[in-house]
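Q: As a plain string of letters, each chain reads:
4 protein chains.
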Amino acid sequence: MKRIGILTSGGDAPGMNAAIRAVTRTAISHGLEVFGIRYGFAGLVAGDFSPLTAEDVDHTINLGGTILYSARYPEMAQEEVQQKAVEQLKKHGIDAVIVIGGDGSYHGALALTRHGINSIGLPGTIDNDIPYTDYTIGYDTACETAMDAIDKIRDTASSHHRVFVVNVMGRECGDIAMRVGVASGADAIVIPERPYDVKEIAESLKRSFAKGKDHGIIVLAEGAMSADKFKDELLKYGDFDARANVLAHMQRGGRPTVEDRVNATKMGNYAVKLLLEGKGGLAVGFENNELSTHDILDLFDGKHEGDYALLDLNKDMTK
Amino acid sequence: MKRIGILTSGGDAPGMNAAIRAVTRTAISHGLEVFGIRYGFAGLVAGDFSPLTAEDVDHTINLGGTILYSARYPEMAQEEVQQKAVEQLKKHGIDAVIVIGGDGSYHGALALTRHGINSIGLPGTIDNDIPYTDYTIGYDTACETAMDAIDKIRDTASSHHRVFVVNVMGRECGDIAMRVGVASGADAIVIPERPYDVKEIAESLKRSFAKGKDHGIIVLAEGAMSADKFKDELLKYGDFDARANVLAHMQRGGRPTVEDRVNATKMGNYAVKLLLEGKGGLAVGFENNELSTHDILDLFDGKHEGDYALLDLNKDMTK
Amino acid sequence: MKRIGILTSGGDAPGMNAAIRAVTRTAISHGLEVFGIRYGFAGLVAGDFSPLTAEDVDHTINLGGTILYSARYPEMAQEEVQQKAVEQLKKHGIDAVIVIGGDGSYHGALALTRHGINSIGLPGTIDNDIPYTDYTIGYDTACETAMDAIDKIRDTASSHHRVFVVNVMGRECGDIAMRVGVASGADAIVIPERPYDVKEIAESLKRSFAKGKDHGIIVLAEGAMSADKFKDELLKYGDFDARANVLAHMQRGGRPTVEDRVNATKMGNYAVKLLLEGKGGLAVGFENNELSTHDILDLFDGKHEGDYALLDLNKDMTK
Amino acid sequence: MKRIGILTSGGDAPGMNAAIRAVTRTAISHGLEVFGIRYGFAGLVAGDFSPLTAEDVDHTINLGGTILYSARYPEMAQEEVQQKAVEQLKKHGIDAVIVIGGDGSYHGALALTRHGINSIGLPGTIDNDIPYTDYTIGYDTACETAMDAIDKIRDTASSHHRVFVVNVMGRECGDIAMRVGVASGADAIVIPERPYDVKEIAESLKRSFAKGKDHGIIVLAEGAMSADKFKDELLKYGDFDARANVLAHMQRGGRPTVEDRVNATKMGNYAVKLLLEGKGGLAVGFENNELSTHDILDLFDGKHEGDYALLDLNKDMTK
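Residue numbers (UniProt numbering), protein chains in the order written: chain A, 1 to 319; chain B, 1 to 319; chain C, 1 to 319; chain D, 1 to 319.
Worth flagging that the hints you see were computed from the coordinates, not collected in a lab. A few of these clues could be false.
When chains are identical, the list treats them as one kind, so a pair holds in a single copy or across two.
To be verified - Using 16 angstroms as the maximum straight-line C-alpha spacing, the simulated EDC-like pairs for lysine to aspartate or glutamate come out as follows:
#1 Lys279 - Glu193
#2 Lys273 - Asp95
#3 Lys315 - Asp298
#4 Lys319 - Asp58
#5 Lys213 - Glu55
#6 Lys319 - Glu33
Make a model of the complete structure from these sequences and hints.
A: Listed below in structure tokens is the structure:
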């Protein structure tokens with residue numbers, strides 16, 4: 001193996017650049033060449049490649065987004081498209097590829113491996129919804145951004161004795177909502193993976209106001225319900241003032257936190273070492289704070305398990 | 001004059017606490033007593049008063065929201081309600097009142113003055129929409145919060161070559177949009193006070209993408225159009241990917257900036273000095289960086305003039 | 001057990017308030033009463049106690065510092081002082097105590113337990129230097145604050161092609177330096193637990209500048225050497241411009257991160273549950289992301305093990 | 001005039017990149033070409049020039065530091081060096097130059113103008129110490145950074161009932177100290193331009209502690225005294241615990257605030273327009289919120305006047 005490629009795929013996430021930097025620097029320090037592939041699998045098939053030096057990734061560890069750009073590219077599921085990708089890689093002398101992205105991107109990584117190009121997948125998504133890992137690159141920054149916003153919203157909620165229903169990202173996964181909810185001192189956390197009772201939440205808010213609390217915060221995972229609808233439901237049972245708030249895309253960007261930079265650096269470094277050992281078709285994760293790998297195939301049957309004990313913890317905080 | 005009251009009214013804004021602190025400390029250092037009136041004019045009429053000491057406002061200069069709470073209270077327009085307010089003030093020996101709030105709150109301050117209770121109005125609103133002042137308390141923090149959010153959104157816009165239409169607050173006033181638009185390097189700024197041409201904006205975005213720009217940001221004042229509608233209009237003329245984003249209530253909260261803390265402190269200090277000079281019925285402002293006063297009456301006929309040269313400035317940045 | 005006490009001891013750390021809140025809310029939700037003990041063990045002996053309600057800890061999860069204040073109190077090592085403490089607790093009907101603080105505070109917690117007052121210790125220090133735990137309350141926020149400062153310093157380092165030697169906190173422990181060093185893309189990380197070679201670091205910086213890098217950052221743990229001395233040593237071998245920078249006490253304060261709020265909440269909740277099970281003399285930690293306990297006695301012989309693999313990881317980033 | 005040059009000189013300041021961007025975009029939109037001159041006057045003499053396009057300054061408005069790098073270059077005072085600079089400019093067809101920097105850089109700008117190359121100076125320094133302007137590029141961001149740090153320091157000061165003497169930048173100018181002092185609710189502000197009485201400050205702190213205040217903050221301009229010395233002086237008169245803290249170089253970097261981005265954009269835009277009118281030898285400023293110009297010559301005799309009323313204002317806050 002002399003030359004490896006790296007690409008980012010799916011939604012961008014803070015820390016992707018730290019991972020690109022780690023891959024680049026580690027590979028070069030082990031005598032490999034690195035090519036950046038722009039626009040994910042679309043760029044791979046189109047041959048949008050350019051060499052990455054150690055200097056090219058200077059001043060990138062602190063940047064949100066991805067310097068390699070990203071794109072969704074469902075065409076990669078087709079056999080003939082995969083073959084085109086492999087041809088492009090061979091033409092450029094690239095022996096192996098590291099793919100950073102959400103669950104969709106693992107299919108591409110597996111396809112490349114099956115065509116003889118060893119590929120390693122790194123979990124790059126703010127949603128923390130990948131099986132067999134407790135952590136995905138960008139998750140911590142997204143939580144921090146959401147919490148900062150809620151800290152601000154709480155000021156105005158308190159000044160006016162209002163309830164805010166704050167929709168946070170995460171697609172079908174409630175991890176951002178749970179962690180941000182606990183960190184924000186939310187009155188309730190609503191996620192798609194667990195049942196919830198809007199009436200009970202409204203009653204609990206009424207009790208809080210009666211005891212003198214000056215505001216209410218509901219952290220709502222986007223996969224559970226729309227913020228507007230939830231607010232309307234809530235107002236059926238409560239006589240308080242309530243507003244809906246959708247934090248949206250700001251959660252995807254911004255300077256990555258220490259946690260995301262360090263973890264992305266560890267993962268990028270590890271991925272190169274796996275390639276150096278001749279491995280491919282693997283997904284890297286963190287389990288109980290340790291780097292781990294699983295066959296990508298296993299991920300397709302697997303299911304991400306959130307830390308649902310956070311829901312009980314939060315209930316102890318709001319009784 | 002021995003005892004003054006202070007209240008916050010209308011939407012809360014970062015820096016209101018700095019103004020409350022400045023009023024309290026200045027008054028006490030000039031031998032006056034201070035009473036905090038909670039929940040704005042509603043609390044004034046209900047007699048929700050309590051003394052404020054210099055120590056009570058410790059650790060508040062850095063807090064968003066208002067420690068006196070706020071409320072909208074249209075009933076204050078009624079003569080009999082105003083009389084009740086005056087009775088409450090007399091009952092508590094309060095000779096004068098400082099009111100911090102948006103344009104609605106000036107009516108209450110004028111009514112009190114007319115009933116013999118000298119009152120001074122301070123412009124407390126993030127919207128910067130008050131006549132005869134270049135600045136309102138909270139405006140700078142709201143701009144900073146909006147710009148921070150757009151800096152994050154730009155990361156994801158760039159990673160995906162997307163256009164974001166970002167709705168910022170300001171009601172019918174475009175000041176937040178203009179200042180944040182320039183600071184964010186927006187491709188276009190849309191405000192209700194000036195005409196705009198969606199087609200022209202779409203064409204300009206297309207030219208930018210053609211020249212290699214990797215993203216587009218439109219900063220849209222909430223008073224101009226909804227973000228969703230603007231995005232839909234835009235997509236009639238452009239073939240790019242576009243998303244709508246509403247920053248909403250987080251702009252109202254958060255730790256105030258240096259500018260808001262210093263200006264609020266100056267204004268609160270000045271308001272007490274005006275009362276000590278026996279003045280009432282005045283609105284305090286900043287004009288060309290200097291503290292100024294106007295009869296509150298003049299404000300009702302006046303019109304806030306934004307710095308519309310910012311629109312031309314921004315065009316020079318995007319041609 | 002009907003009534004428990006809580007105190008913070010030693011240096012303050014962001015997240016202590018989240019832990020106090022969690023202890024208070026959990027205890028109350030399980031039918032216990034909670035007393036806040038101010039000024040650590042000094043206040044315990046002086047009887048500076050007051051009841052804490054669920055409402056008292058509203059609006060505290062987001063505050064740095066400790067609402068219970070802290071103090072160093074070496075007198076607590078004396079038997080007669082310990083007896084006085086126990087008398088105070090008995091007088092107030094307090095059956096058990098939760099102590100949040102650095103390693104010094106564990107001695108006090110153990111002494112109380114030996115005198116029949118079950119006590120649980122929570123690791124509250126930014127230094128991350130407690131045995132048998134991978135994490136201490138405040139560590140993440142301190143790292144984030146240090147990294148933010150270094151991100152700013154890097155701007156000016158780059159503009160002037162300078163090297164900055166940045167001293168970060170941690171006493172004899174290099175954990176902050178290692179994590180912040182990796183996250184900041186430092187050219188070198190210097191900690192007291194491992195040997196380092198100033199000449200080699202200087203040579204490596206010269207090579208970087210020769211390859212076109214525009215700045216250098218050394219992250220130096222305070223326990224290793226003073227920043228000034230290190231800078232002077234460095235300049236013996238390098239002809240570049242170098243400055244020393246000490247981040248100091250700002251690392252101890254500030255709004256806690258998501259990580260610190262969530263972990264402090266988990267730990268505070270867990271500590272109450274341990275007391276409810278009749279346990280005492282235990283130190284709570286996180287090991288491999290799981291809550292764990294150890295006899296406090298074991299901590300005195302134990303040694304905190306840092307994640308020294310971060311040093312090798314960083315070398316792969318700078319070769 | 002067909003082609004202009006731009007350089008940054010002296011210490012870097014946040015917002016310099018916004019000014020570079022504004023100069024570049026404005027010039028191009030008016031049909032001019034722009035050359036970036038790297039490393040200030042040193043690069044000017046060495047001919048370190050490269051063309052700047054509108055795209056080159058994309059993604060720079062939000063960056064601290066200066067993408068053109070900076071350097072101190074006292075040699076520029078020599079006539080023969082100035083002639084060399086002029087030769088380089090003529091060789092590259094550059095007709096006029098915009099210089100962004102501190103007071104030293106105005107000498108270079110004037111020298112160029114005298115040699116027939118119209119030059120305009122923009123005040124780029126965090127210190128706010130330039131005559132005939134109320135504002136310099138970077139001043140607002142530096143104040144914000146210092147205030148943020150002090151907000152964090154206050155947490156630990158309060159937890160331990162300590163006094164912190166915090167040294168902020170500004171060289172011989174007290175503007176940062178005054179504005180940050182008011183914004184931080186400092187107990188005292190010490191600047192080199194006005195007398196101060198350490199004993200009186202100590203007495204006032206003692207009175208505050210006696211009244212129940214839990215901390216003390218002194219904001220000290222670096223030009224007044226060293227923080228360590230001030231702390232030692234203070235402890236001669238007070239029996240409290242006090243620490244010295246030097247914020248140092250982090251104040252020079254970081255993402256610029258809204259204020260700095262907007263003002264730098266206005267100034268860069270205005271400088272190009274002055275050149276288009278055939279003007280040179282001018283320094284741009286903001287006076288009472290309006291763009292203004294003065295002959296650079298006048299600056300050498302002028303003296304920056306700070307807003308010293310802030311000292312009295314702060315006294316009203318601490319009596």
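Q: Have a look at lysine 279 and glutamate 193 and pick one of within, between, both or neither, based on CA distance no larger than 16 angstroms.
A: Intra 34 angstroms, inter 34 angstroms, cutoff 16 angstroms: neither.
Q: As a check of your reading, is lysine 319 near aspartate 58 (CA-CA no more than 16 angstroms) within one copy, between copies, both or neither?
A: between (49 angstroms within a copy, 13 angstroms between copies)
Q: Given a CA cutoff of 16 angstroms, do lysine 213 and glutamate 55 count as a within-copy pair, a between-copy pair, both, or neither?
A: between (54 angstroms within a copy, 7 angstroms between copies)
Q: What label fits lysine 319 with glutamate 33 when the C-alpha limit is 16 angstroms: within, between, both, or neither?
A: between (57 angstroms within a copy, 14 angstroms between copies)
Q: Under a CA distance limit of 16 angstroms, which applies to lysine 273 and aspartate 95: within one copy, between copies, both, or neither?
A: within (14 angstroms within a copy, 54 angstroms between copies)
Q: When Cα atoms must be at most 16 angstroms apart, do lysine 315 and aspartate 298 count as within-copy, between-copy, both, or neither?
A: Cα proximity of lysine 315 and aspartate 298: none, with 34 angstroms in one copy and 33 angstroms across.
The earlier numbered hints that this structure contradicts are 1 and 3.
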